[in-house]
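For the protein sequence lines, the chains are V and E, in the order given. When you read off a place in the first sequence, starting at 1, and then add 22, the result is the number in my numbering. When you read off a place in the second sequence, starting at 1, and then add 23, the result is the number in my numbering.
Derived from the structure by calculation, the hints contain no laboratory data. Among the hints, erroneous ones may be present.
Stated by the list, open to error - To give an idea of the interface, some chain V residues facing chain E are shown, with a C-beta separation under 8 Å as derived from the structure:
| # | residue |
| --- | --- |
| 1 | Val-144 |
| 2 | Ala-156 |
| 3 | Asp-194 |
All C-beta atoms, glycine included, are put in the ideal place defined by N, C-alpha and C.
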Amino acid sequence: MATDVVQYALLGLISGRPEGAHGYQLKIEFDALYGDFWSLNYGQLYRTLDRLERAGLVQCTEEVQSGRPSRKVYRITASGQQSLDDWLLLPPTDEPRPLRDDLSVKLLFLTEPRRQETLALVRSQRAIYLHHLARLTKRRTVLEESGQDMFVTRLLLLQADMRVRADLAWLDLVEKELLQRTGGKKPVASRPTFFKHR
Amino acid sequence: MIRFDNVSKVFGEGQTRVDALSGLSLQVPARQFCTIMGPSGSGKSTVLHLVAGLTKPTEGEIYLGDRPLSRMAERDAAMMRRREIGFIFQFFHLIPYLSAEENVALPLLLDGHSSADVRERTERVLTLVDLLQRRQHKPSELSGGEMQRVAIARALVTTPRVILADEPTGNLDSTASHGIMRLLRRSSDELGVTVLMVTHDPVCASYGDRVVRLVDGQIVEDIDVTEHEETPETAKSVVSIVGFRRRDE
Chain V
23 MATDVVQYAL LGLISGRPEG AHGYQLKIEF DALYGDFWSL NYGQLYRTLD
73 RLERAGLVQC TEEVQSGRPS RKVYRITASG QQSLDDWLLL PPTDEPRPLR
123 DDLSVKLLFL TEPRRQETLA LVRSQRAIYL HHLARLTKRR TVLEESGQDM
173 FVTRLLLLQA DMRVRADLAW LDLVEKELLQ RTGGKKPVAS RPTFFKHR
Chain E
24 MIRFDNVSKV FGEGQTRVDA LSGLSLQVPA RQFCTIMGPS GSGKSTVLHL
74 VAGLTKPTEG EIYLGDRPLS RMAERDAAMM RRREIGFIFQ FFHLIPYLSA
124 EENVALPLLL DGHSSADVRE RTERVLTLVD LLQRRQHKPS ELSGGEMQRV
174 AIARALVTTP RVILADEPTG NLDSTASHGI MRLLRRSSDE LGVTVLMVTH
224 DPVCASYGDR VVRLVDGQIV EDIDVTEHEE TPETAKSVVS IVGFRRRDE
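Chain E with its partners taken away, still in its complex shape:
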């Protein structure tokens, strides 16, 4: 779904030259939940910005599906970003004077959907993130975890093929983080969305299928973290013992 072909990105020149990425090749298949980790300044965010078309590679090519981004007209690229890519950020980036529902509906309104379609889709994603009851609330009336769930709903409302998430739990406590990660996991499993996420938190990374580690703009590790499904037998024994414990308490 996302392919980096020998991509390099250089910022600045001469004394201030920074090689953010050096000859990066990476393929993220459709529906995969791929996490990018690495120390600060390793090029993680640059990867997301390149996929989003917010910056252009110095060398190499990036493909979304089978389309090379560099050869797309700016208008087509903007359209593709709006329709096929959802963004989630560390600081949510919700519009403060709009309600949760209006924030979610915004990408559809910008894209000229009918009001019936807007209502139907907005309700569907707000249900998915379990915030239908709080749809009238402004961001300031929501907790951090709820704001991020609104942001996920907004990202999903256009039924994108890709979600790009930049430290989505960087500003949340561990319970809220868990909820957000489960939503991203479900987006991949149930909606077939390809997720590319940057995080510092290994616990968040453990929800994904794969961890790519960058150091100095290069991939130093590519770890498959998918596990074989837990057998119903072991799952049941856990449940039975916890159930038995509870009786005992």
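If we strip away everything but chain V, and leave its shape as in the complex, we get:
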């Protein structure tokens, strides 16, 4: 997740808590909403919060807790709210996400003699996707059974479903093409040309 998107995601979460939010809470909420799709570690979280504070988009106060170390509580400022609103309605300008995962790069360099290893890679990648999908499915079922309105989360989960489905369909295709080369029916093709280096 690009840095500035993380920044706005956190700003959005903070804006939803006028009573103030602390770091740990934000991490939990971020993970609950996006954890299946994006990972955010504490280092990144606190660095981003610091940056938001320095930019005057959030205000940080120390909250004293009895018997425990005090903690920082973040609230959105007026200029933070303005910045968030502006960003939310800004038309997207980024190009589509390029194909840049490990496997597509490995495929470029794994040559014919290592076809079996390549197939194994494709298959283990598929197992990972299926696990991921199983987790999303369970998440979706749990949410539905909770009877909560899950408009945004449901859309995110559906998006993830569609992406994983597309990734799996692509893996099927890669496997099929690799298998078709077995038996020397086709000459070893040169490097696939569908990857464009950016």
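Assemble chain E onto chain V, guided by the hints.
Chain E alone, transformed into the frame defined by chain V:
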């Protein structure tokens, strides 16, 4: 519950010989929800047909429970299919001139159950699939998802030990598919049914416990997709944030 012991299946001979399965060994324990995936022609449907006894293996043995299918008399095999196996198909295969309720009751009527028993069981499964209100409707008056739910009710009405499902969502949209998959999941979790399902759809497969992939009649992957249960803590935090969002909107 289902065991394939070095099973091969050959169709045709000579030039037209097709090896649908080659030395397949597979064990599906009771209550497991096992999905079979793989490209077209990989032997997926043959696996289901063999369990159903619709075709016989060229080599090897298939066991249902501890009984080898090849050594059963045809009469016993037919009885076992009727009582212990439920079938669900891509195109539902409901009888068009019978109501939902009559379609569901059919296997019991064929098996000579008392009318009180038929009524009681039919109502129970129609409730389970949430179609009690529409029991008088003919298939043509039901949506695709509803027809498939009737088919699931019909499969479950004999309290089978095994459900065989062949692309059960192949003809349904994603919302209806989700409903069907949840019903199959519940059949396994709550009724203890062993489910063996063939599908092309990885999202459907993700409802199961295990994905077996076949390529050219052989198992190339056997993936355990069970996850540790979501902790109440994470589930709650999801709910709380969605709840909080809603207040905010």
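Here is how each hint holds up against the structure:
1. Violation of the interface hint for Val-144 (chain V) is found here, the shortest Cβ-Cβ separation to chain E being roughly 10 Å, above the 8 Å cut-off.
2. Given the 8 Å rule on beta carbons, the hint for Ala-156 (chain V) holds: about 4 Å separates it from the nearest Cβ of chain E.
3. Interface restraint check for Asp-194 (chain V): the shortest CB-CB distance to chain E comes to about 7 Å, inside 8 Å, so the restraint holds.
Comparing the model with each earlier hint shows a violation of hint 1 alone; every other hint is respected.
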